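S.K.: Chain by chain, the residues run as shown.
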Amino acid sequence: MSKELIRLQNLCMAYDGETILNNINLYINDKEFLTLLGPSGCGKTTTLRIIGGFTTPVSGDVFFDGVRINDVPPHKRQINTVFQKYALFPHLDVYENVAFGLRMQRVSDPNSKRGVKLSNEEIDRRVMEMLESVSLKGFERRRVDALSGGQQQRVAIARALVNRPKVLLLDEPLGALDLKLRKDMQIELKRIQQQVGITFIYVTHDQEEALTMSDTIVIMDKGSIQQIGTPEDIYNEPKNAFVADFIGESNIIDGVMVKDKVVKMYGRLFPCLDGGFAENEPVDVVIRPEDIDIVPVEQGQLTGTVTNVTFKGMQYDIIVDFRGFKWLIQTTDHSPVGSKIGIKIDPDGIHVMKKSEYSGMFGDYSSFSDEYDELNGAEMEEQSDES
Amino acid sequence: MNRKLSLFALPYAVWLAALVVIPLVIMAVYAFTTSESAATLENFTDMGIYASVFVRSFRLAAIATLVCLLIGYPAAYFMAGEGPGFQRVALALIMLPMWMNFLLRTYSWMSILENNGLLNQFFQKIGLFSLLTSMTGQEIESFQMLRTPGAVTLGMVYNYLPFMILPIYSVILKLDRNLLEAARDLGANSAQVFVRVILPLSLPGVLSGVTMVFVPSVSTFAISRLLGGGTQMMLGDLIEQQFLGGAYNPHLGAAISMVMMVIVVLCMALMNHFGEGEEQAVML
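Protein chains in written order, with the numbering used here: chain A, 125 to 511; chain B, 828 to 1111.
By construction, these hints were calculated from the structure, which means they are not laboratory data.
Just so we're clear, the structure is a prediction, and the values are computed from it rather than from any experiment.
Incorrect hints may have been included.
Okay, the calculated beta carbon distance ranges per label pair [stated by the list, open to error]: (1) S259/A - E909/B: 41 to 47 Å; (2) E414/A - A1018/B: 15 to 21 Å; (3) D470/A - K1001/B: 55 to 61 Å; (4) A1018/B - K290/A: 51 to 57 Å; (5) M1088/B - K200/A: 25 to 31 Å; (6) E966/B - K241/A: 30 to 36 Å.
On the chain B side, residues computed to face chain A include the following (Cβ under 8 Å) [said to hold, decoys possible]: (7) N1005; (8) E1008; (9) R1011; (10) L1013; (11) A1015; (12) N1016; (13) V1024; (14) L1028.
Just so you know, even glycine gets a beta-carbon here, dropped at the ideal spot from N, CA and C.
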C-alpha cells in the first residue's frame, strides 16, 4: 500500500487562456483505489487524461515508478483506461474488443528485434479468463451494441484489464447506468480492484460512489486540490466549506475560536475538540445534520423554529430557523412545522475549519427550504398571501 | 410511423410510380419483344457481339473508381483532421467544379489533351519532345492523349471524384474520437489505429463512394464520346445509338440497359455483402 507509483508535480494546464489545473501535486500509491472527486469543470478528467497521456500539461511533471513520462505516448504507458461511454469498438465483437490490446502487444524475443506477437493460444487463454472473471462467458461472439449498459461496462473493464496494466484509469464509468446497477457495479469494481491488486484511479462527481469504493479521495474544485484523505477523514474533518458541503450535508456557521476547544456561535460558547487556532480567530463551523440532538427548549444550547419537515423513510429532514440562518437537522423524532425546539450538540459533533475563499458560500439551508416550498404548491400560496 | 403524416409521402410515391416503376416496366417489355411486338429473347442473344463494349465499360469504370478511391480516401482523411475553417474552404473547392456545366468541363479537358492542346504545347515549350526525339531517333511531335482509354478514365475521375471524397469525409468526421483514444490506450500506434479502427469504421463511406462513382462511370456516354473520340465506345454510347443514333433498335437498347442494370446491382450486392455489419457501426 505504501509504495509510490505515480507522482504529479506542479501540474498546470490551461486552455484558451482559461486555467484548468492550477499547480496539482499528488502522490498515488501502488495498489491504491484513489478517487478524483469534484463538480464538473473542476479539472478531474483533465488530470486523468494527463496520467493516461492524452493531454500534455502546460507545465509540471508526471512520474511513473520514478521515471518522468511526460513525453511517453499513451500506447507505451503501462496504464489502461475505461472510458466514460466505454468507447467499445462497434465493428468488433466482445471477444475481439477484449483481445484488441493483446493483439497490439509484442513480447521481447531473442530472434526478433521488434519482439514477437503473442500467440493465438496465449491470447485466447487470457481473453477467456478475463471474460470469465467479469461474468461474460458465452458472450464472445456478441456484437457490443447488442449488450446492455452493464455488460458493455464489463467489456470495457475486461478490455483494459486483460493487458495487465499497473494502473487502471476510470472516467465516470458508472455515469450511464441506472441507480441499482450502479450500486452493484461499485461493489463489483472494488472486488475486481482487490482481486487484480493494481492501482485504480477513478474520476467521479458522485460523492457516494467515492465514499463507497475509495482508499483515498482527492477533492478538486476550480483546478485545485481542496483536500486529500481517506473517506472517513474527508467526511469527519473537511478542510474548508467547499469540502464540507460537497461531501454529505453540512450546516456551516460563522464562529469565533475563543480559545482551544471552545468555539463561539450565536454569542454562545460551545465546547468542541478542535484547537490550534489563534485566539478569537474567525472560523467556519461544520455541524452535520445527524450530529444534532433535539431537546426541550429549556434544555437547548440554541432554540429555533421548525420551518419545514420532510419524511425520508429512515429519518425526517427538518429545516430549523436559528435567527434567520436555516439548519438542516436529521432526526427520527417528528417535530411539527412552526414548533419551537431546542438543540444540543456534543463536542465531537462540532468541526472547526479555517476561513477560506469558500466561506459564506455554502451551508445555509435557506435556499434548500425554498426548494421544498416550491415543491409544495399549497405552502407557496400561503406565503404569497402573507406577503 | 405516424399514419397521418404518411400522406405527405404521397407526392413522391406518385413520382416514383410514374417516373421509375412504369418506365422500368416499359423497358422490360421492350427488351423482351421485337419491333413487331412479338415476344423474343433475341435481343439478349444478339448482345454477344458487343461483349467488348461491356468489358471496356466495366474495366474503365472499375479503374476510374479505384483511382478515385486512392485519391479520395487520403484527401477525405486529412480534410477531416483539419480545423473547421480549412474544411469549409476545402469542401467549397471540391464542390466548385460540380457547379460548372458538365459538358463544359469535359470540353475543357479536350482542349487540354488535344495533340496541339495545352499539355502538349507545354511539353513542346520545355523541350520534352526534342529531347525524346534525340534520345529515341524517332520524330515525336506530340503525345496522343485524347482518344485513349486513359483520357476517358481521367474524365471519369475528374467528374466523379467529389462523389468519392464527400461520403468518406463525412463518415470519418463522425468517427467517435474516443475510439481512437481507446485504441491508442490499448497499445496501438498511429498505423495500427488507422488499420484496425479508422479504416474498418470508414468502410460504409467507402462503399457509398464506390457506388456513387462506379454506377455513373459505367453508364457514361458523354465522357467516352468527347474524350474517347469514338474509339472508346462504352455501354452508354451503345445504348444511345440504339435509341437516337444510326443503329436504331430500342428493343436491343432496352435489353442492353437491363443487362447492365443487373450486373451493376449484382456488383453492389456483392460489395454490400462484404461491408455487412459495418453499416450499423456508423449508425452507433
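S.K.: Determine for every hint whether it applies to the structure shown.
M.R.: Verification of the hints:
no., hint, verdict
1, S259/A - E909/B: 41 to 47 Å, "44 Å, holds"
2, E414/A - A1018/B: 15 to 21 Å, "58 Å, violated"
3, D470/A - K1001/B: 55 to 61 Å, "60 Å, holds"
4, A1018/B - K290/A: 51 to 57 Å, "26 Å, violated"
5, M1088/B - K200/A: 25 to 31 Å, "53 Å, violated"
6, E966/B - K241/A: 30 to 36 Å, "59 Å, violated"
7, N1005, "4 Å, holds"
8, E1008, "6 Å, holds"
9, R1011, "5 Å, holds"
10, L1013, "4 Å, holds"
11, A1015, "5 Å, holds"
12, N1016, "6 Å, holds"
13, V1024, "6 Å, holds"
14, L1028, "6 Å, holds"
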